[in-house]
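Enquirer: If you read the sequences in order, they're chains E and B. Taking the UniProt record's numbering, the leading residue of the first sequence gets 1, the next gets one more, and so forth. Taking the UniProt record's numbering, the leading residue of the second sequence gets 1, the next gets one more, and so forth.
There could be a bad hint or two in this list.
One copy or two, it doesn't matter: identical chains are merged, so the pair holds either way.
As the list claims (entries may be wrong) - Each computed DSBU-like pair below joins lysine-lysine, with the alpha-carbon atoms no more than 35 angstroms apart: (1) Lys12 - Lys172; (2) Lys12 - Lys306; (3) Lys434 - Lys410; (4) Lys172 - Lys353; (5) Lys434 - Lys414; (6) Lys306 - Lys353; (7) Lys52 - Lys434; (8) Lys138 - Lys97; (9) Lys260 - Lys414; (10) Lys306 - Lys97; (11) Lys52 - Lys12.
It should be emphasised that the hints constitute simulated quantities derived from the structure, not laboratory data.
Protein chains: 2
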Amino acid sequence: MRLSRAFLPTLKETPADAQIASHRLMLRAGMVRQTSAGIYAWLPLGWRVLQKVEQIVREEQDRAGAQEILMPTIQTADLWRQSGRYDAYGPEMLRLKDRHDRDMLYGPTNEEMVTEIFRTYARSYRDLPRNLYHIQWKFRDEVRPRFGVMRSREFLMKDAYSFDLDYAGAQKSYRQMFVAYLRTFARMGLKAIPMQADTGPIGGNLSHEFLILAETGESQVYLHRDLLDFDVLGQAPDYEGDLSPIVDFWTSRYAATDEKHDEAAWNAIPAERQVSARGIEIGHIFYFGTKYSAAMGLQVQGADGKPVTPEMGSYGIGVSRLVGAIIEASHDEAGIIWPDAVAPFRLAVLNLKQGDAATDALCDRLYAAFDGDAVYDDRPERAGVKFADADLMGYPWQAIIGPRGAAAGKVELKRRATGERLELSLEDAIARIKGA
Amino acid sequence: MRLSRAFLPTLKETPADAQIASHRLMLRAGMVRQTSAGIYAWLPLGWRVLQKVEQIVREEQDRAGAQEILMPTIQTADLWRQSGRYDAYGPEMLRLKDRHDRDMLYGPTNEEMVTEIFRTYARSYRDLPRNLYHIQWKFRDEVRPRFGVMRSREFLMKDAYSFDLDYAGAQKSYRQMFVAYLRTFARMGLKAIPMQADTGPIGGNLSHEFLILAETGESQVYLHRDLLDFDVLGQAPDYEGDLSPIVDFWTSRYAATDEKHDEAAWNAIPAERQVSARGIEIGHIFYFGTKYSAAMGLQVQGADGKPVTPEMGSYGIGVSRLVGAIIEASHDEAGIIWPDAVAPFRLAVLNLKQGDAATDALCDRLYAAFDGDAVYDDRPERAGVKFADADLMGYPWQAIIGPRGAAAGKVELKRRATGERLELSLEDAIARIKGA
Numbered sequence: 001m002r003l004s005r006a007f008l009p010t011l012k013e014t015p016a017d018a019q020i021a022s023h024r025l026m027l028r029a030g031m032v033r034q035t036s037a038g039i040y041a042w043l044p045l046g047w048r049v050l051q052k053v054e055q056i057v058r059e060e061q062d063r064a065g066a067q068e069i070l071m072p073t074i075q076t077a078d079l080w081r082q083s084g085r086y087d088a089y090g091p092e093m094l095r096l097k098d099r100h101d102r103d104m105l106y107g108p109t110n111e112e113m114v115t116e117i118f119r120t121y122a123r124s125y126r127d128l129p130r131n132l133y134h135i136q137w138k139f140r141d142e143v144r145p146r147f148g149v150m151r152s153r154e155f156l157m158k159d160a161y162s163f164d165l166d167y168a169g170a171q172k173s174y175r176q177m178f179v180a181y182l183r184t185f186a187r188m189g190l191k192a193i194p195m196q197a198d199t200g201p202i203g204g205n206l207s208h209e210f211l212i213l214a215e216t217g218e219s220q221v222y223l224h225r226d227l228l229d230f231d232v233l234g235q236a237p238d239y240e241g242d243l244s245p246i247v248d249f250w251t252s253r254y255a256a257t258d259e260k261h262d263e264a265a266w267n268a269i270p271a272e273r274q275v276s277a278r279g280i281e282i283g284h285i286f287y288f289g290t291k292y293s294a295a296m297g298l299q300v301q302g303a304d305g306k307p308v309t310p311e312m313g314s315y316g317i318g319v320s321r322l323v324g325a326i327i328e329a330s331h332d333e334a335g336i337i338w339p340d341a342v343a344p345f346r347l348a349v350l351n352l353k354q355g356d357a358a359t360d361a362l363c364d365r366l367y368a369a370f371d372g373d374a375v376y377d378d379r380p381e382r383a384g385v386k387f388a389d390a391d392l393m394g395y396p397w398q399a400i401i402g403p404r405g406a407a408a409g410k411v412e413l414k415r416r417a418t419g420e421r422l423e424l425s426l427e428d429a430i431a432r433i434k435g436a
Numbered sequence: 001m002r003l004s005r006a007f008l009p010t011l012k013e014t015p016a017d018a019q020i021a022s023h024r025l026m027l028r029a030g031m032v033r034q035t036s037a038g039i040y041a042w043l044p045l046g047w048r049v050l051q052k053v054e055q056i057v058r059e060e061q062d063r064a065g066a067q068e069i070l071m072p073t074i075q076t077a078d079l080w081r082q083s084g085r086y087d088a089y090g091p092e093m094l095r096l097k098d099r100h101d102r103d104m105l106y107g108p109t110n111e112e113m114v115t116e117i118f119r120t121y122a123r124s125y126r127d128l129p130r131n132l133y134h135i136q137w138k139f140r141d142e143v144r145p146r147f148g149v150m151r152s153r154e155f156l157m158k159d160a161y162s163f164d165l166d167y168a169g170a171q172k173s174y175r176q177m178f179v180a181y182l183r184t185f186a187r188m189g190l191k192a193i194p195m196q197a198d199t200g201p202i203g204g205n206l207s208h209e210f211l212i213l214a215e216t217g218e219s220q221v222y223l224h225r226d227l228l229d230f231d232v233l234g235q236a237p238d239y240e241g242d243l244s245p246i247v248d249f250w251t252s253r254y255a256a257t258d259e260k261h262d263e264a265a266w267n268a269i270p271a272e273r274q275v276s277a278r279g280i281e282i283g284h285i286f287y288f289g290t291k292y293s294a295a296m297g298l299q300v301q302g303a304d305g306k307p308v309t310p311e312m313g314s315y316g317i318g319v320s321r322l323v324g325a326i327i328e329a330s331h332d333e334a335g336i337i338w339p340d341a342v343a344p345f346r347l348a349v350l351n352l353k354q355g356d357a358a359t360d361a362l363c364d365r366l367y368a369a370f371d372g373d374a375v376y377d378d379r380p381e382r383a384g385v386k387f388a389d390a391d392l393m394g395y396p397w398q399a400i401i402g403p404r405g406a407a408a409g410k411v412e413l414k415r416r417a418t419g420e421r422l423e424l425s426l427e428d429a430i431a432r433i434k435g436a
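Whole structure, please, built from the sequences with the hints as guidance.
Expert: Set out below in C-alpha cells:
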C-alpha cells in the first residue's frame with residue numbers, strides 16, 4: 001500500500017487517557033479509533049492485524065476438528081431464561097427491547113444459543129462428538145472500560161462448544177482445545193501458559209486460563225521455567241490420538257495465578273527455575289458437564305437406545321484482546337514490534353528521495369515484489385518522519401533506500417526486532433525477507 | 001469434510017413458514033437456523049458460502065482502491081444527532097441504553113461514524129481521495145421480517161464511503177464503485193443490472209441500484225437485452241483511468257424498476273430486445289455531496305489554503321442477502337445449484353458401499369485430492385439419501401463411486417447444473433473438476 005494514498009494515519013501526541021503501552025501505541029499508530037467508551041473502530045492497520053490473528057485462531061480450531069458456524073449478536077432473552085442465567089447475569093449484559101417490546105440482549109457468550117441449535121439437529125449418538133465454534137463480536141457492558149482493546153465493551157471473541165456422549169469424550173475434547181490453544185498462541189509468537197482457574201459464571205468444575213507474561217499484566221503469576229522453554233510448535237499433534245502426554249507436561253509443572261497460588265508447591269521448585277511475573281489472560285477453557293444440556297433439555301439417543309444428556313465444554317479466545325496482548329509482549333520505546341505471523345505488512349519501503357529516478361525505480365521494484373504485503377512510504381516527508389513512523393507501526397522489516405544506495409544497487413534492510421542492519425542487493429534483500 | 005463427523009444437518013420436511021425458494025432451501029439444506037424472528041445463525045454449510053461471497057466482495061473493493069476498516073456495531077446516538085438522523089430514522093433503528101443510561105443504537109448504516117473517523121485524521125487535500133469500507137453486521141428492526149436472509153433484521157452488509165475534494169472526484173469514485181459492483185456480482189455468476197434509483201433516507205441526488213433477475217423478485221423491472229449479453233469480466237478495468245465508457249454503456253441502455261419506468265423510452269426498444277422480468281436488489285450506490293460532511297463539520301485544507309468540505313458517496317452490498325439471491329437465481333426442484341465461485345465445497349464424494357475395500361480406497365483418494373474443498377458422504381445411509389442430499393446442498397460436482405466402478409477404476413461424475421454424467425478415471429475426474 002502506498003502511504004500517499006493510504007488511510008494509515010498516525011498521531012504525534014501520546015493520548016492522555018491511555019494508561020498502558022498497547023493502548024497508547026494502538027492509538028498513536030492509527031490502529032483503532034474509540035467511537036464510544038470502550039468501543040473501537042479498527043482502522044486499516046489494526047484491521048489487518050486483527051484479521052491475521054483471527055485467521056490463525058480459525059486455522060488451529062479447524063485443525064483440531066472444530067467446525068465453524070456464525071451465531072448472531074442479538075439473542076432472545078427466552079434462551080437465557082431456559083438456562084436460568086437471564087436474571088443471574090449482572091449489568092454487564094446489554095439488555096434491550098425490539099420494536100415489538102420483546103426482551104433481547106447483545107450476546108456476551110453463546111452457551112444457550114449453541115445448545116439450542118445443537119438440540120434442534122442432534123438425534124443420536126452418531127451425531128456426537130461435535131465441536132462448534134464461531135468468531136463473533138460480543139458485548140459486555142463493563143462499568144469502567146479501559147486499556148483500549150484489552151478491556152473493551154464490544155470485542156471479538158472465538159468461542160467453541162463441545163458436545164460429547166460421556167466424561168471420557170468430554171475430556172478428549174477438552175484436551176484437543178488445550179493443545180489447539182498452545183499452538184494458536186505459539187504461532188503468534190506468544191508464550192502462553194495454561195493455569196488452573198476458577199470456573200466463574202460459566203460454571204463447571206475444570207478450567208484453565210492461558211496467560212502470557214507481560215509487565216503490564218493484570219495478574220501476578222508463578223510458574224516453573226520448564227514451561228517457558230518448551231517448544232510448542234516442535235511437533236504437530238495427532239488430535240485423534242492420545243493428547244494426554246502433552247497436557248500432562250503442562251499440568252504437572254507448577255503454574256498458577258495469585259488466586260490459586262500454593263506456596264508449598266512453589267517452594268518445592270528449585271529457585272533458579274522459579275518465574276514470578278505479571279500475566280495477561282488471553283484464553284479460557286471450561287468443562288462444565290451437563291449444566292446447559294440438562295437445563296435446556298438436550299438429549300440424544302445412545303447406542304443402547306436410552307437417552308443421553310451430552311457433556312459440554314466451552315473454549316474462549318479474546319481475539320481483539322490478543323492484538324493488545326501481543327503489543328504488550330512485544331514493543332519498545334519507539335513503538336510496536338510485530339511478530340512476523342501477525343504483522344500488518346511484512347515490509348516498509350522507505351524512499352528517502354522521491355523524484356530521484358534510481359531511488360524511485362529501486363523502491364518500485366522492491367515494493368512490487370511483495371504484492372500487497374508491503375507498505376511504500378512515498379509521502380513527501382522527511383526521512384526522520386518515515387523512520388519514526390515505520391518504527392512506531394512495527395513492520396518486521398524496513399528497507400531504507402536513498403540515492404547513494406540506489407546508485408550502487410543496494411538496499412539497506414533493518415530488522416525491527418533487533419535493530420540489525422544489512423546492506424544487500426535487491427535480489428538478496430527480497431530473499432532475506434521472504435525467507436525470514 | 002467427512003459427513004459422518006460433520007455438522008451438516010438437513011431437514012426432510014419443507015418448513016411451513018418459508019414462502020420463497022431460497023428460504024426453504026437454506027433451511028432444508030441446514031445452511032441457517034432462525035434464532036429469533038429475522039435473526040439467523042449460520043451453520044457450517046451456509047457459513048462457508050457467506051465467507052466466499054464476502055471474500056469476493058472484499059477482493060473487488062480492494063481492487064478498486066477502497067481500503068478496509070471495521071466499525072463497531074454499537075454506536076452512540078450523539079453521532080446521529082449531529083447529522084439530524086437520530087430523530088428522523090424510524091422504528092427500524094434498534095435503540096438501546098447502556099448501563100450508564102446513555103443513548104446508543106445498533107448501527108443500521110455508518111455514514112455518521114465514518115465521517116467522524118475521517119474528520120479526526122484528514123487535514124489537507126493530500127489526504128483525499130479516500131474510500132473506506134467495512135463488512136459488518138447491521139440491524140434494521142423490520143416490522144415483519146421474512147424471506148429468510150433476504151429480509152432479515154441482523155444482516156451482513158458491505159458499506160463503502162468515499163471522500164473527494166470536488167464533484168469530478170466524487171464522480172470518479174462513484175464510477176469506480178459502479179464498475180466494482182458489476183465485477184463483484186459477475187464473479188458470483190450473477191447478471192446484475194444497474195438501474196437508476198431514488199435516494200431515499202440516505203439523501204443525495206444520484207443513485208443506482210443493482211438488481212438480478214429472478215422469478216421471486218420483489219420488483220418489476222424493464223431492460224434492454226444488450227445488458228444481459230454484456231461480458232462484464234471480459235476485460236480488467238483500469239480503475240485509475242477513465243471508466244466513463246463502461247458506465248456509459250450501462251446507463252445509455254434502458255433499465256428501470258417499476259417506480260422509474262418510462263413507457264416512451266421502453267417502447268423505443270425493438271420488441272425482441274425488450275426484457276420484462278422480476279428483480280431482486282443486491283446493491284445500491286449513492287452520491288450525496290456534502291450532506292454529511294457539511295452537517296458534521298468535516299473540512300480539510302485545499303491546495304490553495306482555503307477550507308474544502310469533501311463530497312461523499314456511499315456504496316452498499318447486502319452480503320448475507322446475496323446468499324439468498326444467488327439461490328433464487330440458481331436452483332431447481334431438487335435443490336440449490338451453486339455457481340462454482342461461491343460453492344461451499346466444489347465436490348461431494350458419494351460412497352455407495354462403505355466397507356467395500358476398492359470403493360473406500362477410491363473414495364479416499366479422490367477426497368484427499370481436494371484438500372478441504374470436498375465433502376465425503378461416508379454416512380451409513382442408502383444411496384438415495386446421499387443423492388438427494390447432494391442435490392439439495394447443490395455442490396457443483398458429485399462423484400458417485402460404487403463397487404462396479406471401483407473395480408474398473410472408474411468414477412462417475414455428475415455436474416449438478418446440467419445433470420451431465422461422465423465416467424472417468426480418477427486422474428481424469430480430478431483434472432475435469434479442477435479445470436472447471
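Enquirer: Confirm or reject each hint.
Expert: Status of the hints after comparison with the structure:
{"no.": "1", "hint": "Lys12 - Lys172", "result": "between (51 angstroms within a copy, 32 angstroms between copies)"}
{"no.": "2", "hint": "Lys12 - Lys306", "result": "between (67 angstroms within a copy, 24 angstroms between copies)"}
{"no.": "3", "hint": "Lys434 - Lys410", "result": "within (17 angstroms within a copy, 43 angstroms between copies)"}
{"no.": "4", "hint": "Lys172 - Lys353", "result": "between (59 angstroms within a copy, 30 angstroms between copies)"}
{"no.": "5", "hint": "Lys434 - Lys414", "result": "within (14 angstroms within a copy, 42 angstroms between copies)"}
{"no.": "6", "hint": "Lys306 - Lys353", "result": "between (78 angstroms within a copy, 29 angstroms between copies)"}
{"no.": "7", "hint": "Lys52 - Lys434", "result": "both (17 angstroms within a copy, 28 angstroms between copies)"}
{"no.": "8", "hint": "Lys138 - Lys97", "result": "both (17 angstroms within a copy, 16 angstroms between copies)"}
{"no.": "9", "hint": "Lys260 - Lys414", "result": "neither (44 angstroms within a copy, 60 angstroms between copies)"}
{"no.": "10", "hint": "Lys306 - Lys97", "result": "neither (41 angstroms within a copy, 47 angstroms between copies)"}
{"no.": "11", "hint": "Lys52 - Lys12", "result": "within (26 angstroms within a copy, 39 angstroms between copies)"}
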